[in-house]
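> Each chain, written out:
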Amino acid sequence: MDSAIPYQRQSQKINTKKKNSFFQEIRKNHLLYLLTLPGILLIFVFAYLPIFGIVIAFQDFRPIEGVFGSPFVGFENFRFFFESTEIYRVVFNTVYLNLLFILCVMVVSVSIAIAFSEINSKKFKVFMQTIVTLPHFLSWTVVAMIVSIFLPYQGGMVNQILNMFGNESITFYNEAKYWPFFLVVIKIWHAAGFGSIVYLATISGINPEIFESASIDGASRWRKIWHITLPMLKPTIILLMLLALGGIFYGDFGMIYAIVGPNALLYPTTDVIDTYVYRALMELGNMSMSSAVGLFQSFVGFILVLTVNQITRKYSPDSALY
Amino acid sequence: MNIKESAGDRLLLIIMYVAITVFAIACLLPFVTVLSSSLSTETAIMTYGFKVFPKEFSLEAFRLLLQDETIYRSYGVTIFITVVGTTLAMLVTCAMAYPLSLRSLKYRNYITFYVFFTMLFHGGLVTSYILITKYLGMTDTIWVLIIPSLLNPFNMFLMRNFFKSIDESLAESAKIDGANDIYIMFRIMIPVSLPAMAAISLFYAIAFWNKWFEAMLYIRNENLFPLQYLIKRILDSADFSRQLAQDITLAEYATPTLTTRMAATIVTIGPIIFLYPFLQKYFVKGLLIGSVKG
Amino acid sequence: MKVKFRKLALPVLALILIMSTLLAGCSNNTSSQKTETTETAEKAETTDTTGTTETPETPETKTPDPVTLKFMFFGDRQADLDKVLAEFEKRTKDTLNTKIEFDFVPGAEFRQKQLLAMSTGESFDLTFDAPWATLFNHLSLGYYQPLDKYFNNDEYPGLKKAFPAEMMENNKVNGHIYTIPFQTAYSDPFIIAIRKDIREELGLPPVKTMDDFTNYLEAVKTKHPDYTPISIGGRGIFRLGIPEEKGRTDIRLAAIKPESFTGGVPFSVAISPDGKKVLGAATIGDPESAFANFPAPFNSHDSIYGHFGMRAEYSKYTNKDPLSRQAVDALDKNKTASVETTIYNLTKDTLNLKKINPNAEYEPFFYTSDDIRDMKPGAIRTTFIANNSAVVPTTSKNVERTMKFLDWMFSNKENHDLIELGIEGDHWTAVGDDGYNTTDNTVNYTFQGYEMTWNPTLSRNNMSNSPEMLKYIEYAKDTNSYYQVPLAAFVFDTKSVATELAKLNPKIQQTADILMTGLDPKWKELAQNSNKEWRNLGLEKVREEVIKQVQAYLDAGGK
Numbered sequence: 000m001d002s003a004i005p006y007q008r009q010s011q012k013i014n015t016k017k018k019n020s021f022f023q024e025i026r027k028n029h030l031l032y033l034l035t036l037p038g039i040l041l042i043f044v045f046a047y048l049p050i051f052g053i054v055i056a057f058q059d060f061r062p063i064e065g066v067f068g069s070p071f072v073g074f075e076n077f078r079f080f081f082e083s084t085e086i087y088r089v090v091f092n093t094v095y096l097n098l099l100f101i102l103c104v105m106v107v108s109v110s111i112a113i114a115f116s117e118i119n120s121k122k123f124k125v126f127m128q129t130i131v132t133l134p135h136f137l138s139w140t141v142v143a144m145i146v147s148i149f150l151p152y153q154g155g156m157v158n159q160i161l162n163m164f165g166n167e168s169i170t171f172y173n174e175a176k177y178w179p180f181f182l183v184v185i186k187i188w189h190a191a192g193f194g195s196i197v198y199l200a201t202i203s204g205i206n207p208e209i210f211e212s213a214s215i216d217g218a219s220r221w222r223k224i225w226h227i228t229l230p231m232l233k234p235t236i237i238l239l240m241l242l243a244l245g246g247i248f249y250g251d252f253g254m255i256y257a258i259v260g261p262n263a264l265l266y267p268t269t270d271v272i273d274t275y276v277y278r279a280l281m282e283l284g285n286m287s288m289s290s291a292v293g294l295f296q297s298f299v300g301f302i303l304v305l306t307v308n309q310i311t312r313k314y315s316p317d318s319a320l321y
Numbered sequence: 000m001n002i003k004e005s006a007g008d009r010l011l012l013i014i015m016y017v018a019i020t021v022f023a024i025a026c027l028l029p030f031v032t033v034l035s036s037s038l039s040t041e042t043a044i045m046t047y048g049f050k051v052f053p054k055e056f057s058l059e060a061f062r063l064l065l066q067d068e069t070i071y072r073s074y075g076v077t078i079f080i081t082v083v084g085t086t087l088a089m090l091v092t093c094a095m096a097y098p099l100s101l102r103s104l105k106y107r108n109y110i111t112f113y114v115f116f117t118m119l120f121h122g123g124l125v126t127s128y129i130l131i132t133k134y135l136g137m138t139d140t141i142w143v144l145i146i147p148s149l150l151n152p153f154n155m156f157l158m159r160n161f162f163k164s165i166d167e168s169l170a171e172s173a174k175i176d177g178a179n180d181i182y183i184m185f186r187i188m189i190p191v192s193l194p195a196m197a198a199i200s201l202f203y204a205i206a207f208w209n210k211w212f213e214a215m216l217y218i219r220n221e222n223l224f225p226l227q228y229l230i231k232r233i234l235d236s237a238d239f240s241r242q243l244a245q246d247i248t249l250a251e252y253a254t255p256t257l258t259t260r261m262a263a264t265i266v267t268i269g270p271i272i273f274l275y276p277f278l279q280k281y282f283v284k285g286l287l288i289g290s291v292k293g
Numbered sequence: 000m001k002v003k004f005r006k007l008a009l010p011v012l013a014l015i016l017i018m019s020t021l022l023a024g025c026s027n028n029t030s031s032q033k034t035e036t037t038e039t040a041e042k043a044e045t046t047d048t049t050g051t052t053e054t055p056e057t058p059e060t061k062t063p064d065p066v067t068l069k070f071m072f073f074g075d076r077q078a079d080l081d082k083v084l085a086e087f088e089k090r091t092k093d094t095l096n097t098k099i100e101f102d103f104v105p106g107a108e109f110r111q112k113q114l115l116a117m118s119t120g121e122s123f124d125l126t127f128d129a130p131w132a133t134l135f136n137h138l139s140l141g142y143y144q145p146l147d148k149y150f151n152n153d154e155y156p157g158l159k160k161a162f163p164a165e166m167m168e169n170n171k172v173n174g175h176i177y178t179i180p181f182q183t184a185y186s187d188p189f190i191i192a193i194r195k196d197i198r199e200e201l202g203l204p205p206v207k208t209m210d211d212f213t214n215y216l217e218a219v220k221t222k223h224p225d226y227t228p229i230s231i232g233g234r235g236i237f238r239l240g241i242p243e244e245k246g247r248t249d250i251r252l253a254a255i256k257p258e259s260f261t262g263g264v265p266f267s268v269a270i271s272p273d274g275k276k277v278l279g280a281a282t283i284g285d286p287e288s289a290f291a292n293f294p295a296p297f298n299s300h301d302s303i304y305g306h307f308g309m310r311a312e313y314s315k316y317t318n319k320d321p322l323s324r325q326a327v328d329a330l331d332k333n334k335t336a337s338v339e340t341t342i343y344n345l346t347k348d349t350l351n352l353k354k355i356n357p358n359a360e361y362e363p364f365f366y367t368s369d370d371i372r373d374m375k376p377g378a379i380r381t382t383f384i385a386n387n388s389a390v391v392p393t394t395s396k397n398v399e400r401t402m403k404f405l406d407w408m409f410s411n412k413e414n415h416d417l418i419e420l421g422i423e424g425d426h427w428t429a430v431g432d433d434g435y436n437t438t439d440n441t442v443n444y445t446f447q448g449y450e451m452t453w454n455p456t457l458s459r460n461n462m463s464n465s466p467e468m469l470k471y472i473e474y475a476k477d478t479n480s481y482y483q484v485p486l487a488a489f490v491f492d493t494k495s496v497a498t499e500l501a502k503l504n505p506k507i508q509q510t511a512d513i514l515m516t517g518l519d520p521k522w523k524e525l526a527q528n529s530n531k532e533w534r535n536l537g538l539e540k541v542r543e544e545v546i547k548q549v550q551a552y553l554d555a556g557g558k
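From first to last, the protein sequence lines are chains A, B and C.
Sequential numbering from 0 applies to the first sequence in numbering that gives the first Met the number 0.
Sequential numbering from 0 applies to the second sequence in numbering that gives the first Met the number 0.
Sequential numbering from 0 applies to the third sequence in numbering that gives the first Met the number 0.
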């Protein structure tokens with residue numbers, strides 16, 4: 000029928016169709032968009048309104064003059080970071096440690112969640128589920144104290160055990176090479192239990208009929224886990240990885256600063272962008288420089304997520320972020 | 000064939016039991032050490048270090064911590080913001096997550112990106128501070144501890160994920176019966192997503208329970224201090240004085256004792272430990288038997 | 000359709016709930032503003048009524064308008080602060096009519112909150128800053144009010160007496176007074192606390208010289224291999240082997256990083272004998288040529304920085320992992336044969352030691368200087384700039400009232416004691432004119448004197464110190480015990496080399512940590528290699544800037 004309409008009117012119709020389609024869409028789903036409104040407003044007020052503060056990264060920020068009065072200095076604030084000799088080391092450490100953290104914690108979290116979903120004993124589950132989340136609630140300062148039960152040269156538990164077996168004590172706090180391992184172990188201990196909650200919730204949402212029919216078909220426990228549980232967890236895993244990717248240039252400052260602290264001997268393997276910048280700017284107290292680095296970290300994370308998301312869209316469109 | 004699989008199944012189950020037990024011990028022991036340190040005298044810790052059982056029992060650390068009357072008021076403040084905050088946050092978050100989980104919503108990707116962008120890019124403290132103190136006038140109100148945190152993008156994405164995993168046929172059959180989107184969300188989607196609701200509520204509850212930073216920046220009225228802020232003030236002095244020790248020696252800078260720090264940890268954790276077991280009943284495989292069929 | 004209607008109600012309610020809480024949060028400001036105005040109105044009323052019921056006042060004693068001052072400090076808010084403030088208000092109702100609101104911020108967040116408050120033009124009236132914090136940075140950016148007219152001014156007799164002209168002269172920056180300096184003494188001399196019980200057990204005489212000390216350490220190491228002869232933290236035996244410029248005017252030493260007066264890089268600066276020209280600036284790891292024209296005996300690298308070699312030698316007596324705070328804390332104090340501390344802290348450290356081992360005892364070893372041990376005049380090194388001070392931000396609207404309050408507080412012992420120590424009899428008891436003893440209730444009010452009240456003439460001594468220590472405390476309080484270093488009033492402006500300093504400081508600190516703790520026996524190599532790295536990061540640019548600024552300072556008549 001449309002082909003009978005003359006060309007101009009046809010294109011007009013397409014244009015109005017486009018405009019109409021916006022309002023049509025809103026009309027059609029008006030309740031849904033209404034639901035999103037409070038969230039949109041909240042984010043607008045508390046996240047987007049202040050976002051122009053990013054300009055501080057490009058200013059010589061003076062608190063008394065404020066954001067509008069401080070002079071503009073272009074990329075000057077980025078110089079100290081990009082010209083430093085440490086940049087390669089801290090960037091590498093940041094990304095390397097973060098990747099290790101993300102992957103290892105995920106593997107352990109998922110395993111814990113699967114284990115809990117398979118275990119039937121209620122008493123065991125309730126007790127254990129609560130216990131594995133406990134480390135998450137210990138502040139890093141307290142964790143650092145606990146670590147100091149194990150690692151000191153004098154009186155540390157690890158060295159005591161080593162001595163018992165006739166080995167010499169090791170000054171763990173002076174040797175950088177052990178620390179990626181230590182940090183990963185500590186991170187897993189701290190985060191895996193609590194992190195399993197999300198996966199537990201996902202598994203709980205799986206239609207139990209699927210498991211039943213698989214059992215009838217003679218599938219073993221392992222096969223059920225491998226072919227049902229894990230694939231059902233895939234969207235959650237991908238989501239969490241994508242979100243984690245955005246922060247991959249952000250080092251875990253809280254953890255590393257509390258546990259490693261200003262221990263220069265350990266910097267080669269544990270110094271991340273955030274701890275380095277903290278030390279560099281400690282005496283200067285320069286807000287502009289620290290926001291410059293922060294902007295850089297956000298930007299890289301952003302590009303990464305954009306890229307990986309595009310790839311995810313191609314292969315597993317439902318799991319993509321957007 | 001059945002017996003073989005059963006054996007394999009059982010072995011796997013045993014491995015799981017063992018692994019969980021080992022991991023749980025590793026989680027429990029340090030926690031017990033913290034608990035016992037909080038019940039110890041300071042001298043015992045200085046002399047013997049951290050132990051699993053206190054060598055000298057003492058409630059001094061807790062007494063020191065709880066003797067300040069303001070701590071009871073702050074408990075009230077924290078309970079209020081946790082309950083109110085979690086409820087409101089769940090409302091806002093689910094309201095946003097559900098529409099974004101529907102493939103039929105045309106502009107959902109724009110909205111999703113709109114939210115996601117703020118996860119990475121922040122304007123920094125200065126502009127937030129100006130916004131909240133000067134333009135919104137939220138200083139010294141209890142709402143400054145609640146409202147800015149009502150939508151956590153991370154939690155929202157998780158919730159969206161959970162909604163996505165729900166079978167579309169559920170919503171479709173409800174639509175055929177004449178229900179509108181809001182009815183579907185509140186009466187169908189949310190009840191069906193109980194595990195997710197439990198998990199995300201827990202996350203929000205913990206976040207509100209631990210709130211202190213906004214209090215430090217924006218609240219001067221002692222009656223509005225949340226629990227964590229009070230505790231953080233006590234604990235931070237130790238860290239700061241150590242930092243300072245690099246440069247100068249502040250003679251009378253009172254460092255809180257180790258036991259107080261441990262007691263503070265216990266006081267803060269306590270309630271959450273009591274909350275989680277109640278939510279665990281939602282993390283059961285096969286919870287949804289029957290509800291999907293309905 | 001029935002379904003539709005009913006179910007619309009719930010979510011609409013929810014939305015309304017959300018919207019209204021959003022609005023509630025925003026509108027709270029107006030309601031709190033209202034209560035503020037009614038409060039001030041009430042206050043004004045009460046002032047008026049007291050004014051009229053009293054006998055007619057002469058113009059000089061008219062009660063000033065009520066004002067609430069806002070002070071921002073760091074640390075713990077004392078439990079009985081309100082009690083003490085109430086007493087303060089009672090005593091000064093007619094004279095000052097001032098209320099004070101203290102905002103105590105946790106230490107780690109203090110700097111941040113201070114900056115934030117100033118950046119929004121928030122008015123607060125008194126806050127803390129110090130040379131080791133952000134004082135000079137902030138001053139160069141114009142954050143604080145000049146306070147010249149309030150000192151040495153007869154209208155402020157309290158300030159005039161407590162802060163004599165000479166003290167204020169020393170604390171001037173760029174010719175103006177910006178700080179209210181707080182100190183009981185200009186310095187707290189470092190000593191090594193020796194375990195008397197261990198020493199006696201080993202049959203050794205009291206430690207009086209470095210040789211005695213080395214013998215002691217060696218004996219401990221041999222007889223008690225599981226003991227730590229001397230325990231150190233991240234900065235090692237802090238002042239070990241550090242040279243001093245005593246009495247000289249031709250060189251200013253920065254032998255360790257904390258002594259840097261040039262933005263964090265420890266440059267030692269040499270001046271020509273006539274005090275007019277800068278001869279050079281040299282730092283750790285520089286080649287010998289950089290020191291060539293320095294005045295003897297400081298014309299070589301090791302004459303200033305050779306103490307790192309001493310530290311490397313003594314590392315065999317220290318704990319093995321001093322760079323980890325937690326490992327140092329975990330050391331068994333009972334098995335530590337000596338530790339570094341200061342005169343003020345010795346008593347407290349001994350008390351803590353006795354809690355673990357009632358038979359243990361510390362005795363002081365004045366390892367830095369025999370002259371200090373013998374309490375000779377002119378023995379302690381200082382710039383005379385106070386280590387801690389309070390400042391008034393330019394955003395304050397109540398400068399005069401703030402200074403009036405401070406004047407009141409410093410005008411006599413009674414006023415000063417109230418704020419610094421609390422309510423007499425409750426939080427402390429007097430011992431004579433100059434001393435005080437703690438009470439069971441002291442723990443509820445231990446005001447951070449270094450932030451607002453410390454003063455050499457007014458602050459009382461804690462009598463729980465041993466008589467010997469009290470003597471040293473008096474010695475440290477006496478201005479005559481000190482000598483002033485050259486370039487004492489020089490303040491380095493970091494603006495033009497901020498980027499270089501940001502690059503250099505973490506690297507220098509890294510090397511310094513290892514040098515200070517003596518962990519690398521090849522310290523000289525480490526110093527020289529690090530120095531080469533620093534040159535790549537802009538060391539020379541900073542050096543040039545230092546020389547330029549010091550020269551300008553000298554040209555303007557500075558010393």
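Accuracy of the hints is not assured; some may be wrong.
Straight-line C-alpha distance at most 27 Å; calculated BS3-like pairs for lysine-lysine [stated by the list, open to error]:
1. B/K284 with A/K233
2. B/K50 with C/K315
3. A/K223 with B/K50
4. B/K50 with C/K334
5. C/K523 with B/K50
6. C/K476 with C/K494
Just so you know, these hints were derived from the structure itself, not from any lab.
> Run every hint past the structure and note whether it holds.
Comparing the hints with the structure gives:
{"no.": "1", "hint": "B/K284 with A/K233", "verdict": "holds (17 Å)"}
{"no.": "2", "hint": "B/K50 with C/K315", "verdict": "violated (30 Å)"}
{"no.": "3", "hint": "A/K223 with B/K50", "verdict": "violated (43 Å)"}
{"no.": "4", "hint": "B/K50 with C/K334", "verdict": "holds (19 Å)"}
{"no.": "5", "hint": "C/K523 with B/K50", "verdict": "violated (43 Å)"}
{"no.": "6", "hint": "C/K476 with C/K494", "verdict": "violated (35 Å)"}
Hint check: violations occur at hints 2, 3, 5, 6; the rest are consistent with the structure.
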